[in-house]
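Undergrad: The lines below spell out each chain.
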Amino acid sequence: MTCNVALNLIQSYLDDGLFGREIIDLDRHLSDCAGCRRALDEFRALQQVMRRIGRQTPPPGLELKIRVAASIHGARAPLKQLVQKVGELASPLAVPAFSGILLTGLTFVVLLSSIFSGASLGADDRDSALGLFTEPRARSLTMMPVVFGGDLPFVTQPVTVKTLVGEDGRVIDYTVLRGPRDAQSLEFLDRFLYFGVNMDPATFLGRPTVGTVVMTLSFYPTTQDRIDILG
Amino acid sequence: MLNCEIGLDFLDNEPALVDGLQVGSQDAFETLVRLYQAPIYNLAYRILGDPAEASEATQEAFVRIYKAIGRFRGECGLKTWIYKIAVSACLNRRRWWKRWRDHVPLSLDNPLPSSHESPRFLEVPDRGENPEAFCARRETEQAVQRALDALAVDFRAVIVLRDIEGLTYEEIGETLGISMGTVKSRLWRARSRLRKRLRALIE
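From first to last, the protein sequence lines stand for chains A and B. Going by the working numbering, the first sequence opens with residue 1, and the numbers climb by one from there. Going by the working numbering, the second sequence opens with residue 1, and the numbers climb by one from there.
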């Protein structure tokens, strides 16, 4: 056995970790090698010195300090435990909740992108946004023979009227703001506005309501099929 | 310390002690403190080399034990688990202390923090020994502590756990999270260095 091997074994020997053949070999080497024997003695003495210095006595009051520190932590612990418990309860819901939030976000992204990109969703041009008030609009103006009957002369001058349009799109009443107000002209206008005019009614919050509209009418007796409306 | 003072039910009954600690029994915690405060303080003192720091590290270790005892599953012995936490607390404390010491300027007006080298107060426990024996023991202890302080902390922890606290190689390995081979190697190197430094004492 070489001195290097012996020195390695000495440590195990000191810690009672050598058995059988190794002890015999080490003892044999130690009996022949003064250097290793001296090393063993010194290591043994070192062990004894280490054991002799013993344990340091804890300062008085340390035990009390430890208890106080632990009790301070213990006072905070219920809140932490509650938070931990809520976390444990919520953790199984984390994936579904996250998926829900993600899907909602994606839906809004798709929806908003379609709105702001101006993509048509098949809406009619005549649709109006809910919540807005819309005024009545002329849908059709008819100059049927039944209206005129051929017995009344046309109003040849332009006439401006303010009409009150009902929920069904029919003219309920009107006022001539400018133009002829004679009896014949008024009768002509009565027949035309009450029986020949069909309008889209005014709307409020998307529902038909009564509204007013100001129109300037020009009749052309030569063609008899043309009415100009300004307004 | 008399046994009757420290919860007889828990002595020699580690599972009962662990159960008591895990349900928050004050008696169990007091028993644990009384059983382990001296070894943990001693370990901390030998690793840190300063009584005030050792006290702080001991407190920190027990608070950590108190917080973590619910997670103790008995995969290793309670003693090993406690030492593991204590060593970790000591190393944390040592890092903190080194930083603090490096950044705090010394003042002539303020006294130095107490340490084994410059004690402000020397507390002499009554061990029933004569003054000469006390002085000799004190000198030996200071020489050993100086030699320990000169070792790298990895070597210091191993030799303190083995030669002062009496842990086995397996327990040291579990405590420090290292293999048996590393324990043996560190122990050998630590002993060799101490042997050189303390030759005057051991020859």
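Everything labelled a hint here was simulated from the structure, so no lab data went into it. Ideal placement from N, C-alpha and C gives every residue a C-beta, glycine not left out. Don't take every hint at face value.
Claimed, not checked - DMTMM-like mimics (lysine to aspartate or glutamate), calculated; alpha carbons at most 20 Å apart, straight line: (1) A:K65 x B:E30; (2) A:K65 x B:E171; (3) A:K65 x B:E141; (4) B:K67 x A:D16; (5) B:K184 x A:D16; (6) B:K196 x A:E88.
Said to hold, decoys possible - Non-contacting residues of chain B with respect to chain A, defined by C-beta distances greater than 10 Å in every case (computed): (7) T58; (8) G77; (9) T80; (10) D163.
Undergrad: Are the hints correct? Go through all of them and say.
TA: Here is what the structure says about each hint:
no., hint, in the structure
1, A:K65 x B:E30, "holds, 12 Å"
2, A:K65 x B:E171, "violated, 28 Å"
3, A:K65 x B:E141, "violated, 26 Å"
4, B:K67 x A:D16, "violated, 37 Å"
5, B:K184 x A:D16, "holds, 13 Å"
6, B:K196 x A:E88, "violated, 56 Å"
7, T58, "violated, 6 Å"
8, G77, "holds, 19 Å"
9, T80, "holds, 17 Å"
10, D163, "violated, 4 Å"
Checked against the numbered hints above, the structure violates hints 2, 3, 4, 6, 7, 10; every other hint is satisfied.
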